[in-house]
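Asks: Each chain, written out:
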Amino acid sequence: RKEVEQDPGPFNVPEGATVAFNCTYSNSASQSFFWYRQDCRKEPKLLMSVYSSGNEDGRFTAQLNRASQYISLLIRDSKLSDSATYLCVVITITGGGNKLTFGTGTQLKVEL
Amino acid sequence: DGGITQSPKYLFRKEGQNVTLSCEQNLNHDAMYWYRQDPGQGLRLIYYSQIVNDFQKGDIAEGYSVSREKKESFPLTVTSAQKNPTAFYLCASKKDQGGTEAFFGQGTRLTVV
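Those sequence lines, one after another, are chains A and B. Sequential numbering of the first sequence, starting at 1, is according to the numbering used here. Sequential numbering of the second sequence, starting at 1001, is according to the numbering used here.
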C-alpha cells in the first residue's frame, strides 16, 4: 500500500462548481499535513496547511480526519485559474528527520 | 532575496555518464529534500537530510547519491546505475520543526540520450 494515496483525476468541472479531493495516508504516526498546488511544468507551491479543526482560506477549505487517516480539500465557486494539480503532503518524523511524502496529485480542469 | 536555487534548469547527458544537480538555499533551513517527478505523476522522494553530514534514503534512492557538507547545499548525483534517469528533479528545504511548510526550487529537467 502506498504511504499517501490520491485519486489522480482528472476532474473536469464547470466554472462555479464545488469540487472535493481526498487523500489517504497509511502511517498513523504522521504528524503534519499540507495541500500544495502545482501548475504545469512548475514547482509545487503551498496552498494551505491542514488541521484537525479544519481551516478555511477564501474559497478553499481543508480538513484532517485522524481516525480515518484522510485529508480533504474543498474548492467552492471554482475559477478557471484553479486549474492545476493538487498534491497532498504528509510529514512523518523518522529517526533521520522529517520525511515529506507526496501523493500522486489530483488534476483539476475548470472549464467555461 | 531568500530562496532555494536549482541549477541548471535544463540538462542533457549521454547515457552512462554521471551527472550532478545543484541545490542551494539561503533560508537557513535545516532540512533538505530531493524528489523526482515523471510526466503525469507525483513527487517521489529520493533522499533527505536533516543536518550536515547526515542524510537518509527516500523511497527511490537506488542509482542516486547525495552529500551534505554544508547546510546551504545538497547536491544530487544521478549515477549510471539509475536505469531511467530522464525526469524532472525538484529540491526542497524546510525548517526543522515538523509543522512548517517546504519550499521548492524551480527544478531541473534532466534528459539522458
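Just so you know, the hints here were simulated from the structure itself, not pulled from any lab data. Keep in mind that the hints are not guaranteed to be accurate.
Computed list of lysine to any residue pairs in SDA-like fashion (alpha-carbon distance at most 20 angstroms, straight line) [said to hold, decoys possible]:
no.: 1; chain 1: A; residue 1: Lys42; chain 2: B; residue 2: Gly1003
no.: 2; chain 1: B; residue 1: Lys1009; chain 2: A; residue 2: Asp39
no.: 3; chain 1: A; residue 1: Lys45; chain 2: B; residue 2: Thr1077
no.: 4; chain 1: B; residue 1: Lys1095; chain 2: B; residue 2: Gln1056
no.: 5; chain 1: B; residue 1: Lys1057; chain 2: B; residue 2: Thr1077
no.: 6; chain 1: A; residue 1: Lys42; chain 2: B; residue 2: Gly1099
no.: 7; chain 1: B; residue 1: Lys1070; chain 2: A; residue 2: Lys45
no.: 8; chain 1: B; residue 1: Lys1095; chain 2: B; residue 2: Ser1073
no.: 9; chain 1: A; residue 1: Lys45; chain 2: B; residue 2: Pro1039
no.: 10; chain 1: B; residue 1: Lys1009; chain 2: B; residue 2: Lys1057
no.: 11; chain 1: A; residue 1: Lys45; chain 2: B; residue 2: Phe1088
no.: 12; chain 1: B; residue 1: Lys1071; chain 2: A; residue 2: Gly95
no.: 13; chain 1: B; residue 1: Lys1070; chain 2: B; residue 2: Gly1003
no.: 14; chain 1: A; residue 1: Lys42; chain 2: B; residue 2: Asp1038
In this text the structure is predicted, and so the values were computed from the model without any measurement.
Asks: Take the hints in turn and mark each one as holding or not.
Replies: Verification of the supplied hints:
Between Lys42(A) and Gly1003(B), the direct Cα distance comes to roughly 16 angstroms. Compliance with the 20 angstroms bound is thereby established for this hinted pair. With a C-alpha separation of about 17 angstroms, the suggested pairing of Lys1009(B) with Asp39(A) holds against the 20 angstroms cut-off. Distance restraint check for Lys45(A) and Thr1077(B): the Cα-Cα separation of roughly 25 angstroms exceeds the 20 angstroms cut-off, and the hinted pair is therefore not satisfied. Taking the CA atoms of Lys1095(B) and Gln1056(B), the gap is about 17 angstroms. The hint holds against a cut of 20 angstroms.
For the proposed pair Lys1057(B) and Thr1077(B), the alpha carbon gap of about 13 angstroms is at most 20 angstroms, so the pair holds. The hinted pair formed by Lys42(A) and Gly1099(B) fails the criterion: a straight-line CA distance of about 24 angstroms is larger than 20 angstroms. For the proposed pair Lys1070(B) and Lys45(A), the alpha carbon gap of about 25 angstroms is over 20 angstroms, so the pair is violated. With a C-alpha separation of about 14 angstroms, the suggested pair Lys1095(B) and Ser1073(B) falls inside the 20 angstroms cut-off, and the hint holds.
Restraint check: the Cα-Cα separation between Lys45(A) and Pro1039(B) comes to about 18 angstroms, which is no more than 20 angstroms; the hinted pair holds. Restraint check for Lys1009(B) and Lys1057(B): not satisfied, since their Cα atoms lie roughly 24 angstroms apart, outside the 20 angstroms limit. Taken as a hint, the Lys45(A) and Phe1088(B) pair is honoured in the structure, with Cα atoms around 16 angstroms apart against an allowance of 20 angstroms. Pair hint Lys1071(B) plus Gly95(A) holds up; C-alpha atoms about 19 angstroms apart against a cutoff of 20 angstroms.
In summary, the hint linking Lys1070(B) to Gly1003(B) is supported, as the alpha carbons are separated by about 16 angstroms, within the 20 angstroms threshold. For the hint linking Lys42(A) to Asp1038(B), the alpha-carbon distance of about 13 angstroms falls within 20 angstroms, and the restraint holds.
Of the hints listed earlier, those the structure fails to meet are numbers 3, 6, 7, 10, in rising order.
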